[in-house]
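Undergrad: The listed protein sequences derive, respectively, from chains E and U. Heads up: the first sequence runs through residues 2 to 451, numbered per the numbering used here. Heads up: the second sequence runs through residues 2 to 451, numbered per the numbering used here.
Derived from the structure by calculation, the hints contain no laboratory data. Note that this is a predicted model, so its numbers are computed, not measured. Glycine is no exception: its CB is placed at the ideal position from the N, C-alpha and C atoms. Check the hints yourself; a few may be wrong.
As the list claims (entries may be wrong) - Computed from the model, here is a short list of chain U residues facing chain E with C-beta under 10 Å: (1) Gln172; (2) Lys173; (3) Pro175; (4) Phe177; (5) Asn178; (6) Gln181; (7) Tyr183; (8) Asn196; (9) Leu236; (10) Asn276; (11) His280; (12) Met282.
Unchecked claim - Far from chain E by the CB rule (all over 12 Å, computed), these chain U residues: (13) Lys39; (14) Ser89; (15) Tyr164; (16) Glu237; (17) Trp431.
Number of protein chains: 2
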Amino acid sequence: MKKIGIVGAGLVGSLQAIMMAKKGYEVQVFERRPDLRKAGEIGGRSINLALSDRGFKALSLAGVEQKIREIALPMYRRCMHDLEGNLSYQPYGVNNEAIYSVSRGRLNQILMNEAEHYPNISYHFNKTTTDVDLRNKEILFKNEDGSRERVAYDKLFACDGAYSAVRSRMQKVPQFNYNQQYLTHGYKELEIPANPDGTHQMANDCLHIWPRGEFMMIALPNLDGSFTCTLFFPLEGEMSFASLTTEEKVMAFFERTFADSIPLMPELAKDFFDNPTGHLMTVKCSPWQVEDDVLLMGDAAHAVVPFYGQGMNAGFEDCTVFHELYEENKGEWTNLMVDFSDRHYKNGHAIADLALDNYIEMRDKTADPDFLLRKKIENKFTRLHPGKWLPLYSCVTFSHTPYNEAVTIGRKQKKIMDEVMTNPQIHDLWDEEVTMQEILRLLEKEQSYA
Amino acid sequence: MKKIGIVGAGLVGSLQAIMMAKKGYEVQVFERRPDLRKAGEIGGRSINLALSDRGFKALSLAGVEQKIREIALPMYRRCMHDLEGNLSYQPYGVNNEAIYSVSRGRLNQILMNEAEHYPNISYHFNKTTTDVDLRNKEILFKNEDGSRERVAYDKLFACDGAYSAVRSRMQKVPQFNYNQQYLTHGYKELEIPANPDGTHQMANDCLHIWPRGEFMMIALPNLDGSFTCTLFFPLEGEMSFASLTTEEKVMAFFERTFADSIPLMPELAKDFFDNPTGHLMTVKCSPWQVEDDVLLMGDAAHAVVPFYGQGMNAGFEDCTVFHELYEENKGEWTNLMVDFSDRHYKNGHAIADLALDNYIEMRDKTADPDFLLRKKIENKFTRLHPGKWLPLYSCVTFSHTPYNEAVTIGRKQKKIMDEVMTNPQIHDLWDEEVTMQEILRLLEKEQSYA
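I would like the entire structure built from these sequences, with the hints used as guidance.
TA: Written out as C-alpha cells, the structure reads:
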C-alpha cells in the first residue's frame, strides 16, 4: 500500500486527502501553519471566494457538496455601480445559474473536519517544508522548535499554494519550465458591515462591481450580513495605493470614485490603512510532475489572478481530473502523474490567461453598453439554440469543458460577435430573427473551416 | 566606505570585482566551488566561448583586454559542412571582423589572478549561499564542513549564474517577475583532438557548423590544436539523445549525418557516452534589483542559450553598463541599482530572444541558399552605405548598440529584405545597383514611418 504525502492543508490539499483516503490509502497532510480551526485563523488572503460548477463537482465526488452548499450564498448577477450610484445588472448565466460566495476559512474547516473522519488521514501542523529529497523520496521539514525532520513518501501531492516550497525545489530539475508574473495592480480588502438586524446593506444575490476603467472595486456577500469588498488598483503612480497616503486622500478618492459605497463603510479609512496591500501573481509551469512521484496541484501548479472566480474551482478540478484518470487506469499508478500533467497542464495555462483577460472585462467592459449588448445577443442566441452556443463565461463557470477548449471556443465566438457588432443597425435589430440567422450563418462558416 | 559583496567567482563576478576594486571599494567574492586554479577545474559546462566586442570593451575597462587577447583565437567566418563534407563559408563581419574562441577556464583564471593583485579584493571559496537576509543585509552561507555563517554587505552583486541562489531568494519578493524556459533540445560536448604536431585538423580561423535542419553540430578551435565540438540535438523522440543508446547507433547516426567528422574524432563513441547531456535554459526576470541593495548580473539576470555567442559578452556588458552609470552618477549610489535595472533589463530579454532565434538560423538557414544570398546583399549594401545599414549580426556582435535597439533595427531590416527577396530576378540582380537603390528606397519608406 502506497504512502501518500500531501504538502498543504489548504482547500486543495484537504480535498485531495479525502479523495485519496476514499481509495484506501494512508494519507499524511503536512501544513506550515498551525491548525486554523484552533488558532481561529482563516489562512491567508482573500476571505471569500466564488465557488461554481467545477468546484461543486469535486466536492460532490468527495461527498461534501451538501455541507458546503449550506454555507454558500448564490450570486446570480453582476450588479454594476456607476459613478452616480446608479445600478445595472448582468446575469451570469443563461438559465439562471449562480456562482456562490463562500468563506475560505469555513470551507477549509469543513474539509479538514471531514478529512479527519477518515482514520487513514493524519494532519501534521507547523511543518515547514524546506526541501524535497527527490531521489530518496523524503520531504524535509523544519518544526516550530527549529528541529528538522525527514518524512518518506511513495507519492507526493504538492498542494502548497502559489508560493509552493515543493515547486521551488522542482525549479532546479532540468526541463522544468516556470513563469511567475505580477500585475502592476494590487488589492486591498475592505468591509461593508451588516445592518444592525444582521441583514445585508445591499442586494445579497449579486456580485457588486464598481467598474472604473483602469481599476475597480468589487463586493461579495458573507453569511453574517457583511460584504467583503476588494479594491483592485495600481500599486504605483499618480492614482495608486502608493499615492493614497493620508486619510484625507483616501476619502477624497472614494468620494470621487465610489461615492455610493462610503455610507456603507463606516470604517473605510481605518480599514484602508490597517489592511495590507496584496499582490497579484500568475504562475504557469510545466511539467507538473517529477518522474511519477511528485505532482503539483492547485495554486502550486497554476496560481491565477482572481478575476474569473476560478482559482479554487481550478484547484478542485485538479482533484476531479486526478480521480478520473485514476479510475481510467483502474488504480494502476504507473505513469499516472505523467499522464495527469500531459493531459491537464494546458488547462492551467488557459485559466491563467482567461483570468488576466477578465480583469479588463470586469473593470472596463462591464461599464460599456456595446459589451452588455453583446452579452444580451449571445444569451438570446444560446436560449434559442442551446446546443450551438454556450457563452465563454458559462463555458468556464457552468460547464466542465476543459479550460483550454473553452479558450478555443471563446476565440471563435469573439470572431463571430465582432462581425455581428459591425452591423450599424445592431442596436435596433439585436433581438430580431435576422441577427440570430446571421449568427447561425457565421457559425456554419466557422465550422466549415474547422 | 561601502562593503561590496559579490556572490560568484565566475567570469562576471571576477570582472565586477575588479571594476569595483578600481573604484576603491572593499570587495569580498564568495564562491560555492573550490578555487578552480587549485583544483585544476574549469568551472562547469562549456569549455570554450566566443568573445566579441562587448566583452572586450568591458575587459578593456578592467585593464585586462591585452592578456585575454593573447589566449583568444579569431574566427572570421562560419564554415558550413554539408552532408557530403563539402565546405562553404560565410564571413561574420562586413569588414573582416572576428569573434574569438577562448577557454572559459583560462579566462576565469586570468580574471581571478588579476583580481587578486588588488589588496581590496578577497576571494572566499566553498561558500554555498543558502539564503539572503534582505532586511539585515546579510548573506547566509553553508561551509564545506556544514557550518553556517552570515556575512554583512552594503551592496551585493549576484553573479552566481543561471541557477543563481540569490535570484531564488528574490523570487519570493513581491513584484519580482521570473521566467525560466528550457529548449526540448540538449547538448553534448565532443572533442576533435590536435594533430600529432599540435596543429588543428581543420581551419582554425572558422567556427565550424554542420547544419542539419532540426539540429546541428558546431566546433570551436582551442589554442592547443584541438576543437571542442558541441552537438545540439533533441533530448527525446525518434532521433534524439534518448534514442542513441548504443555505440552502434551513435556511429551509424554520425556516419549518416556528420560523416566528415568521424575521422577527426577517434574517441567519438567513448566521449558520447562519457560526457553528460546538457540542458539549455533561458531565464528572463525583472526587476534585476531588490531595493537599492542587491543586483543581479550576468547569467543570474539573463541566462541565454548559446546560439548567438553572446552569453558571456552580455554578462561583461553588464559590468560596463554599471560602470558607466556609476560614472554618470559621479559615484553616488542612490538609485544606482534601480536605474541599472530600469535601463538595462530589456536588453537582457532581447539577447535571450535573439539567441533563441539564432538556433534556427545556425542549424537550418546556414544551409539555405536564399538566406546566404540575403547576407551577401546586406553585406554589399553595408559596404556601399556604411552609415545606413549594419546587419543585425554585426549590430549584436561588433557594436555596442543596446540589444533591445538591435532587435528593433533587425525587425526593420528583415521587413526590407523580405521585400527585396520577392524580386523573381534577385539571384541575377543581387549585386546590381538596381537592388541597392531598391533597398535605399525601402529604407527611406521605413524611416518616414518612424
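Undergrad: Each of the hints needs a verdict: does it hold here or not?
TA: Hints, one by one, checked against the model:
Because the closest C-beta pair between Gln172 of chain U and chain E is about 7 Å apart, less than 10 Å, the hint holds. A least Cβ separation of about 7 Å between Lys173 of chain U and chain E falls short of the 10 Å threshold, and the interface hint therefore holds. With a cut of 10 Å, the hint placing Pro175 of chain U at the interface with chain E holds, because the nearest CB-to-CB distance is about 4 Å. The closest approach between the C-beta of Phe177 of chain U and any C-beta of chain E is roughly 7 Å, which is under the 10 Å cut-off, so the hint is satisfied.
Residue-level restraint check for Asn178 of chain U holds (minimum Cβ-Cβ distance to chain E is 5 Å; threshold 10 Å). With 10 Å as the threshold, the beta carbon of Gln181 of chain U comes within range of chain E, its nearest partner Cβ sitting at about 5 Å, so the hint holds. Annotation: Tyr183 of chain U was flagged as interfacial toward chain E, and the flag holds, the nearest CB pair being 5 Å apart, inside 10 Å. Among the interface hints, the one on Asn196 of chain U is violated; its C-beta lies about 37 Å from the nearest C-beta in chain E, farther than the 10 Å criterion.
The criterion of a C-beta within 10 Å of any C-beta in chain E is met by Leu236 of chain U, whose closest approach is roughly 7 Å, and the hint holds. Nearest Cβ of chain E to the Cβ of Asn276 of chain U: about 16 Å, over the 10 Å cut. The hint is violated. For His280 of chain U, the shortest C-beta to C-beta distance to chain E is roughly 4 Å, which falls under 10 Å, so the interface hint holds. The beta carbon of Met282 of chain U comes within 8 Å of a beta carbon in chain E, closer than 10 Å, and the hint placing it at the interface holds.
Consistency note on Lys39 of chain U: stated as away from chain E, and its beta-carbon is indeed over 12 Å from all of that chain's, at 27 Å minimum. Distance to chain E confirms Ser89 of chain U as a non-interface residue, since its nearest Cβ pair spans about 35 Å, more than 12 Å. At roughly 7 Å from the closest C-beta of chain E, the C-beta of Tyr164 of chain U falls inside 12 Å, breaking its exclusion from the interface. Distance check for Glu237 of chain U against chain E: the nearest CB is about 9 Å away, which does not clear 12 Å, and the non-interface claim fails.
Look at Trp431 of chain U: its CB is around 40 Å from the nearest CB on chain E, clear of 12 Å, so calling it non-interface holds up.
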